[in-house]
Amino acid sequence: MRWSRALTLAHLLLRYFGRRVMRTGVLASRPLRVAALALATGLGAAAVAAAVAFLDPLRSEPGAWGLLLDAMSISTVQWCLVAVLLTKTLFLNAEGMLAMTFALPVTNRERAAAFVLYEGAMAGIVVAVGIGALAVASLVIRGPSILVPLAESVVLPALLTYVAVGLGYQLLTRLLSASGLRRAQPPTLLLVLFALAAAFAATVPGLTASVSTAYLAGTDDRPWTAAVASLSDRWGPVPSLAAATAAVALLAWATVLLTPNRHLAQSRYLPWRAGPLTRRLLTPYDWCAVRSLQTWLPAVLAVAVFIALSLRPLAHPLWALSLLSMGALYQFAATEPLRLLRGGRQSPWGVYGRLVRAQLVVWTAFAVPLTIAAVVIEGSAAAVVLPLLGSLASTVLALAVGIVFPAVDDNPFSLFIGMSLAVVIVTTVGLAVGLLNLPPRVSTTVVAATLALAVVYSVVGITTFESRRRHEEVARRHQRPGGGSPADPRDRSGDPAGPHVLDRR
Amino acid sequence: MTMLDARSVHYSYEHGVQVLDDVDLRADSGEVVGLIGPNGSGKSTLIQVVFDLLAHQSGTLTIGGHPHTGAAAKHASLYLPSDDYLPQFLTGREYLEMVGHLYGIDLPDPTELFTRFGMQGRLDDLVEDYSHGMRKKTQLISALTTRRPLTVIDETLNGIDVGSLRLCENEIGRLRDEGGAVVLCTHDFALLERLADRIVFLDLGRVVVDAPVRALVDRHGSLATLVFDHLDSAAR
Numbered sequence: 001m002r003w004s005r006a007l008t009l010a011h012l013l014l015r016y017f018g019r020r021v022m023r024t025g026v027l028a029s030r031p032l033r034v035a036a037l038a039l040a041t042g043l044g045a046a047a048v049a050a051a052v053a054f055l056d057p058l059r060s061e062p063g064a065w066g067l068l069l070d071a072m073s074i075s076t077v078q079w080c081l082v083a084v085l086l087t088k089t090l091f092l093n094a095e096g097m098l099a100m101t102f103a104l105p106v107t108n109r110e111r112a113a114a115f116v117l118y119e120g121a122m123a124g125i126v127v128a129v130g131i132g133a134l135a136v137a138s139l140v141i142r143g144p145s146i147l148v149p150l151a152e153s154v155v156l157p158a159l160l161t162y163v164a165v166g167l168g169y170q171l172l173t174r175l176l177s178a179s180g181l182r183r184a185q186p187p188t189l190l191l192v193l194f195a196l197a198a199a200f201a202a203t204v205p206g207l208t209a210s211v212s213t214a215y216l217a218g219t220d221d222r223p224w225t226a227a228v229a230s231l232s233d234r235w236g237p238v239p240s241l242a243a244a245t246a247a248v249a250l251l252a253w254a255t256v257l258l259t260p261n262r263h264l265a266q267s268r269y270l271p272w273r274a275g276p277l278t279r280r281l282l283t284p285y286d287w288c289a290v291r292s293l294q295t296w297l298p299a300v301l302a303v304a305v306f307i308a309l310s311l312r313p314l315a316h317p318l319w320a321l322s323l324l325s326m327g328a329l330y331q332f333a334a335t336e337p338l339r340l341l342r343g344g345r346q347s348p349w350g351v352y353g354r355l356v357r358a359q360l361v362v363w364t365a366f367a368v369p370l371t372i373a374a375v376v377i378e379g380s381a382a383a384v385v386l387p388l389l390g391s392l393a394s395t396v397l398a399l400a401v402g403i404v405f406p407a408v409d410d411n412p413f414s415l416f417i418g419m420s421l422a423v424v425i426v427t428t429v430g431l432a433v434g435l436l437n438l439p440p441r442v443s444t445t446v447v448a449a450t451l452a453l454a455v456v457y458s459v460v461g462i463t464t465f466e467s468r469r470r471h472e473e474v475a476r477r478h479q480r481p482g483g484g485s486p487a488d489p490r491d492r493s494g495d496p497a498g499p500h501v502l503d504r505r
Numbered sequence: 001m002t003m004l005d006a007r008s009v010h011y012s013y014e015h016g017v018q019v020l021d022d023v024d025l026r027a028d029s030g031e032v033v034g035l036i037g038p039n040g041s042g043k044s045t046l047i048q049v050v051f052d053l054l055a056h057q058s059g060t061l062t063i064g065g066h067p068h069t070g071a072a073a074k075h076a077s078l079y080l081p082s083d084d085y086l087p088q089f090l091t092g093r094e095y096l097e098m099v100g101h102l103y104g105i106d107l108p109d110p111t112e113l114f115t116r117f118g119m120q121g122r123l124d125d126l127v128e129d130y131s132h133g134m135r136k137k138t139q140l141i142s143a144l145t146t147r148r149p150l151t152v153i154d155e156t157l158n159g160i161d162v163g164s165l166r167l168c169e170n171e172i173g174r175l176r177d178e179g180g181a182v183v184l185c186t187h188d189f190a191l192l193e194r195l196a197d198r199i200v201f202l203d204l205g206r207v208v209v210d211a212p213v214r215a216l217v218d219r220h221g222s223l224a225t226l227v228f229d230h231l232d233s234a235a236r
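Heads up: the protein sequence lines correspond to chains H and U, in order.
Start counting the first sequence at 1; every next residue gets the next number (the UniProt record's numbering).
Start counting the second sequence at 1; every next residue gets the next number (the UniProt record's numbering).
It should be emphasised that the hints constitute simulated quantities derived from the structure, not laboratory data.
Do not take every clue at face value.
Unchecked claim - Covered stretches of chain U, as calculated for chain H (at least 3 residues, CB under 8 Å):
hint	region
1	59 to 71
2	100 to 112
Claimed, not checked - Only some residues are given here: those of chain H computed to face chain U with a beta carbon under 7 Å:
hint	residue
3	Arg2
4	Arg5
5	Thr8
6	Tyr16
7	Arg19
8	Arg23
9	Leu55
10	Ala99
11	Phe102
12	Leu104
13	Thr107
14	Asn108
15	Ala304
Don't be surprised by glycine CBs; every beta carbon is placed ideally from N, CA and C.
Go ahead and model the full structure; you've got the sequences and the hints to work with.
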């Protein structure tokens with residue numbers, strides 16, 4: 001393995017991120033890029049300010065910081081598992097991105113290592129979003145003295161969890177390949193990751209209670225998530241930090257060594273044959289959604305979450321349907337060939353309608369049986385409306401993200417940025433509604449208006465994307481000043497069909 | 001020296017379709033090998049297996065005597081795919097510099113080659129703004145500047161203009177004269193008759209013919225006749 005080659009590839013991916021992803025959709029406009037950055041920074045600052053206000057009373061209670069840090073270690077592991085699940089789901093669908101490296105003289109292992117580096121960076125961002133505010137607030141209140149405890153309870157547990165889960169993931173991938181279950185790999189891996197995250201989530205209340213009990217009893221007992229801090233209690237900070245760092249390095253090395261080669265994907269669509277009825281009923285847009293593995297991976301996950309929520313009702317099981325919307329993230333980019341086939345300009349509302357219809361086909365196929373199952377399990381149909389509407393709303397938002405940040409080349413980065421921006425906007429709206437304590441009718445109107453805005457912006461996004469594809473903006477720039485439509489002959493030798501670039505002769 | 005040695009290569013897709021059945025492909029230093037066959041005959045699959053883009057299933061594969069999956073094999077070879085997999089967010093110059101960096105070599109200034117290929121002034125434009133033919137030519141320029149011991153060209157010559165095609169023909173000939181091995185996968189039989197030393201004809205995943213071009217042209221009149229006769233034959 002030549003690390004320099006893997007780093008060159010990682011640099012290529014970084015350029016991809018900077019030149020394509022950070023300039024797609026709304027981010028193509030510099031003012032909007034600045035506005036998006038300002039919004040994200042503002043939200044981050046607000047989160048830190050809120051965390052400082054929350055932690056400030058602990059200034060005079062040094063003993064409570066142990067409780068806080070132990071609790072943070074539990075959140076860290078939880079966020080880390082969520083981050084792994086999210087990044088693996090996005091990167092499992094990133095086959096198109098791999099193609100960019102096919103003509104380059106790198107081995108499969110070097111290619112895989114570059115992607116592992118990127119997955120790690122993305123997971124780091126998710127973890128930072130989850131626990132960054134509390135960590136920064138702790139630093140603001142306690143100063144540099146909190147750095148070592150933060151490393152013991154947040155940074156190293158996050159790294160250890162990530163590399164340990166990553167190693168397990170690669171081992172399982174190899175096991176499935178060796179068992180001849182290559183086709184079943186993606187859904188199996190996602191299900192295992194989900195099961196791990198769910199199993200850990202189930203232990204969180206117990207772990208949190210044990211932390212509180214230890215604090216109240218005045219003992220030094222710590223949860224296993226704070227194992228590095230426990231070692232520090234026994235060995236002192238330097239040996240424990242050194243041992244944990246060495247363990248991270250060792251696990252990371254083993255992960256890269258075990259990372260299987262990534263070859264060309266043989267299939268992106270399930271080879272389902274259409275019967276006469278379905279052939280009549282379904283359009284090519286529908287088939288794209290119905291046959292795509294990018295639909296079926298989240299669908300498998302949705303069913304697993306539905307079962308988990310039915311067994312342990314943390315929320316209504318039908319909220320699992322929201323996961324189906326992940327397939328909608330890819331649909332606009334995946335159906336581009338269908339729009340190219342038509343050639344000429346198409347109604348953006350018509351395109352949007354076809355995209356929504358395809359998602360509704362998938363949604364209905366799962367919503368109907370799962371709703372029946374939920375009603376049977378719950379014994380009541382009253383509570384199904386909200387999660388059903390919620391899952392439809394998430395589909396509308398996901399379609400908007402997929403249109404405004406199209407996953408060209410299957411790249412997961414556009415979706416990552418789009419989803420982050422959507423989370424920032426939805427969080428801002430949610431906070432505004434919550435802080436202002438608006439009556440239900442007004443809150444509903446705000447949510448409906450947000451969704452309507454997502455629909456309108458999707459249609460605008462389709463128009464802009466198609467216009468760029470047809471180089472209409474370039475054509476307009478080459479028009480003579482003074483207006484006139486592109487077909488206006490003006491003084492172009494009286495020939496409206498003459499290419500306008502010739503005007504400059 | 002044998003630069004590419006693929007022996008008894010078998011490959012089947014997951015749904016059971018056998019694409020390659022006991023295929024041999026060899027390319028020696030100072031030799032241009034033409035790889036021909038109808039669509040679906042397994043040419044691109046064979047090349048993708050050689051470059052470890054598809055997982056090797058059975059048979060032996062070496063590049064320059066090294067296992068085909070290793071760094072030494074990658075260093076000794078260059079693959080020009082039929083699809084232009086160029087990173088569209090790089091300029092032509094940045095792409096070529098990156099390729100040079102990955103090979104660990106300082107590439108000569110590609111400005112002159114860009115000009116000779118009719119792309120003067122476009123070296124610092126984004127690949128995204130290149131036409132299909134310009135992307136193909138950029139790929140070819142990467143081969144002509146890196147000059148690897150083994151160059152595999154998978155239908156990259158399709159879609160480029162006649163003048164550039166003539167230039168490529170000359171340059172590929174020069175690569176061969178310098179001792180390079182070139183595998184040229186194309187449907188342009190006339191080009192192969194002028195340029196190739198040996199032809200490997202694949203059909204339905206099997207090698208139908210592996211013989212010197214001269215001998216084939218003498219026997220059949222032309223490569224096109226050889227292929228058409230085979231495709232029309234009852235034996236197929």
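Against chain U, run the beta carbon of Tyr16(H) and see if the smallest gap drops under 7 Å. holds, 6 Å
Return the status of the interface hint for Arg2(H): holds when the least beta-carbon distance to chain U is below 7 Å, violated otherwise. Holds - the Cβ of Arg2(H) comes within 7 Å of chain U, reaching about 6 Å at its closest.
Does Phe102(H) pass the interface hint, meaning its C-beta sits closer than 7 Å to a C-beta of chain U? Nearest chain U Cβ about 5 Å off; hint holds.
Answer holds if the nearest beta-carbon of chain U is closer than 7 Å to that of Ala99(H); otherwise answer violated. Holds. Min distance 5 Å.
Tell me if Ala304(H) is really an interface residue toward chain U, meaning its C-beta lies closer than 7 Å to one of theirs. Ala304(H) check fails; min Cβ-Cβ to chain U is 24 Å, beyond 7 Å.
Have a go at the Arg5(H) hint: is there a Cβ in chain U nearer than 7 Å to its own Cβ? Constraint on Arg5(H) satisfied, holds at 6 Å.
Go through the hint on Arg23(H) and say holds or violated, using the shortest Cβ distance to chain U against 7 Å. violated, 9 Å
Examine the region 100 to 112 of chain U: at least three residues should have C-beta closer than 8 Å to a C-beta of chain H. holds (count 3)
Thr8(H) was flagged as interface toward chain U. Is the shortest Cβ-Cβ separation under 7 Å? Hint on Thr8(H): holds, closest Cβ of chain U at ~6 Å, below 7 Å.
So, Asn108(H) near chain U? Judge it on the closest CB pair being under 7 Å. holds, 5 Å
Double-check Leu104(H) for me: the hint is only fine if its C-beta lies closer than 7 Å to a C-beta in chain U. holds, 6 Å
Once the shortest beta carbon distance from Thr107(H) to chain U is found, is it less than 7 Å? Holds, because the Cβ-Cβ distance from Thr107(H) to chain U comes to roughly 6 Å (cut-off 7 Å).
The structure fails hints 8, 9 and 15 (numbered hints given earlier, in ascending order).
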